Amino acid sequence: MIFSTGIHIQTKGNTEVIDITSQVADRVRESGAKDGTVTVFVPGSTAGVSTIEYEGGLVADIHSVWERIAPREIPYRHDAAWGDGNGHSHIRSFLLGPSLVVPFVNRRLTLGTWQQIVLVDFDNRPRSRDIVVQIMGD
Amino acid sequence: MIFSTGIHIQTKGNTEVIDITSQVADRVRESGAKDGTVTVFVPGSTAGVSTIEYEGGLVADIHSVWERIAPREIPYRHDAAWGDGNGHSHIRSFLLGPSLVVPFVNRRLTLGTWQQIVLVDFDNRPRSRDIVVQIMGD
Amino acid sequence: MIFSTGIHIQTKGNTEVIDITSQVADRVRESGAKDGTVTVFVPGSTAGVSTIEYEGGLVADIHSVWERIAPREIPYRHDAAWGDGNGHSHIRSFLLGPSLVVPFVNRRLTLGTWQQIVLVDFDNRPRSRDIVVQIMGD
Chain C
358 MIFSTGIHIQ TKGNTEVIDI TSQVADRVRE SGAKDGTVTV FVPGSTAGVS
408 TIEYEGGLVA DIHSVWERIA PREIPYRHDA AWGDGNGHSH IRSFLLGPSL
458 VVPFVNRRLT LGTWQQIVLV DFDNRPRSRD IVVQIMGD
Chain G
358 MIFSTGIHIQ TKGNTEVIDI TSQVADRVRE SGAKDGTVTV FVPGSTAGVS
408 TIEYEGGLVA DIHSVWERIA PREIPYRHDA AWGDGNGHSH IRSFLLGPSL
458 VVPFVNRRLT LGTWQQIVLV DFDNRPRSRD IVVQIMGD
Chain Z
358 MIFSTGIHIQ TKGNTEVIDI TSQVADRVRE SGAKDGTVTV FVPGSTAGVS
408 TIEYEGGLVA DIHSVWERIA PREIPYRHDA AWGDGNGHSH IRSFLLGPSL
458 VVPFVNRRLT LGTWQQIVLV DFDNRPRSRD IVVQIMGD
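Residue numbers (my numbering), protein chains in the order written: chain C, 358 to 495; chain G, 358 to 495; chain Z, 358 to 495.
I should point out that these hints are in silico values taken from the structure, not numbers from a laboratory.
Take the hints with a grain of salt, since some may be wrong.
What the hints assert, rightly or not - With a cut-off of at most 30 Å between alpha-carbon atoms, the simulated DSSO-like pairs for lysine-lysine come out as follows:
1) C/K391 <-> G/K391
2) C/K391 <-> Z/K391
3) G/K391 <-> Z/K369
This one's a predicted model, so the numbers in the text were calculated from it and none came from an experiment.
If we strip away everything but chain C, and leave its shape as in the complex, we get (with noise of 0.2 Å):
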């Protein structure tokens, strides 16, 4: 069984992280599959997908991590070309990656208890963003 879906949201950019593990856990409950994978994939070349303990430490930690692997401030070859400013943002999404894959068993994702699904948007200004959720199951 193939359940898709999606949930929209408005973000702020600038590397905002989004906690969306009560959305992905309600498609879960929706799509009516007892076991399988949920596949949580954001169309978009600046921004990305993980797990982290959410909470207001590690959210500050994360912006740090950041700009000391892809700066906000030196000089990109995409700005250069393009000037929307947004080459650090580009340069973090690949880094991070668009799509998590979190298997579900008996209804429940198999998430640990600080763990949950972020949303990561690295642009460079607040974004709507329809992040596609796709279950597979039985």
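Dock chains G and Z against the given chain C, drawing on the hints supplied.
Chains G and Z only, in chain C's frame:
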């Protein structure tokens, strides 16, 4: 066909790199499926999964690269708030990601000859881990 | 329905970034499936898969970010042990990851308009790659 199972391991934490390829291959064989995908997912927010040529030199190099990206000894807001000293573990886990999907064909994982599936436990203490292994196929 | 196929490419190595979107889309069409997921997996431990807006500026920026994260010229224990000079290739591959899962709906990949699927070959020499493309759907 969906077959949900797992791998139980004891780790030493501290960015220990553990080759779990043979256990994953065993689970695929036990499932009875001929073709499909295996999803390897680690519950918890201080570990991650990827592939590497599993040899001692690269295991040491993995330690070095994580010290460059998310050093153990710099201040983390997570540690300031919670005092458990594993801010770097959470950030490393977030960046590496908790899941890996590997296709298999004719009951064989499509890995390269020198490519192993590894769990990396970033926590700052020994942990007991129950890795989820879910096979979808026919 | 499971359809296991592949993409064969010659690469130049040295962190070459190759757009494989149209080949992946072709394989989805050939599978005949309407909805499902496609898993793109690269066997071998010196390459990786992700998505990016495929344009020359960002391809150059990808080279720069990897030189910051895992520089080519620093010492690697892998190179000290094996002498093949591609320690950085293995570490970059480990960090980016070998697999990507993309949902498709109505026979179309759910990519954004400016989002392409790319293979990155980190090895330090030209390589012949057989990328696994597996479609699950109905």
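Now for the hints, and whether the structure bears them out:
1. For a cut-off of 30 Å, the pair hint linking C/K391 to G/K391 stands: about 22 Å separates their Cα positions.
2. Between C/K391 and Z/K391 the alpha-carbon distance is near 22 Å, which keeps this suggested pair within the 30 Å criterion.
3. Of the pairs offered as hints, the one joining G/K391 and Z/K369 is violated, with about 34 Å between alpha carbons and a cut-off of 30 Å exceeded.
Going down the numbered hints, you'll see the structure goes against just number 3.
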